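Novice: According to the working numbering, the sequence shown is numbered sequentially starting from 17.
Hints in this document: simulated from the structure, not taken from any laboratory.
Just so you know, not all the hints are guaranteed correct.
Stated by the list, open to error - Dumping the calculated BS3-like pairs for lysine-lysine here, alpha-carbon to alpha-carbon at most 25 Å:
no.	residue 1	residue 2
1	K62	K52
2	K52	K93
3	K79	K43
4	K43	K105
5	K43	K93
6	K70	K43
7	K105	K70
Given the structure is predicted, the values throughout are model-derived calculations rather than measurements.
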Amino acid sequence: MQNGRVIAYASRQLKKHAQNNPRHDLKMVAVVFALKIWRHYLYEEKCEIYTDHKSLQYIFQQKYLNLRQRRWVELLKDYECAILYHPGKANVVTDALSQKSMGSLAHLTLTRRPLAREIHKLK
17 MQNGRVIAYA SRQLKKHAQN NPRHDLKMVA VVFALKIWRH YLYEEKCEIY TDHKSLQYIF
77 QQKYLNLRQR RWVELLKDYE CAILYHPGKA NVVTDALSQK SMGSLAHLTL TRRPLAREIH
137 KLK
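Sequences and hints are given; from them, build the entire structure.
Specialist: In structure tokens, the structure reads:
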């Protein structure tokens, strides 16, 4: 965010091996993904990471981490970032790539049908 406005979104599909990970690991995968994409802008800059998963705030205080989590902590140490909790219900700026509304999907389906009929008539 810059001046209270979102300036960019990014997303990707989960890889097959990551789909079975616990929820907190999936949230951390998203944080690491964002840091890697925008590393040129974020390196040596103070930044705040807002997440709706409260346990991510305490990743630096954890005594027992698996190897993947240790790698993430090492990567986070390269950046001057703070992980802050922001409740999911209070997040009014949702990512359109992950929050598809059924109304817009229904609209897409309805507008596509007449075109499909015309193509079928031409055959």
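Novice: Against this structure, judge whether each hint is valid.
Specialist: Here's how the hints hold up against the structure:
Proximity of K62 to K52 is assessed by CA-CA distance (about 15 Å); at most 25 Å being required, the pair is judged to hold. Between K52 and K93 the alpha-carbon distance is near 13 Å, which keeps this suggested pair within the 25 Å criterion. Straight-line distance between C-alpha atoms of K79 and K43 comes to about 19 Å, which keeps the hinted pair within the 25 Å bound. Taking the CA atoms of K43 and K105, the gap is about 16 Å. The hint holds against a cut of 25 Å.
The straight-line distance between the Cα atoms of K43 and K93 is roughly 17 Å, inside the 25 Å bound, and the hint therefore holds. Our distance criterion of 25 Å between C-alpha atoms is met by K70 and K43, whose separation comes to about 10 Å. Restraint check for K105 and K70: the C-alpha separation of about 13 Å stays at or below 25 Å, so the hint holds.
The structure agrees with every numbered hint stated previously.
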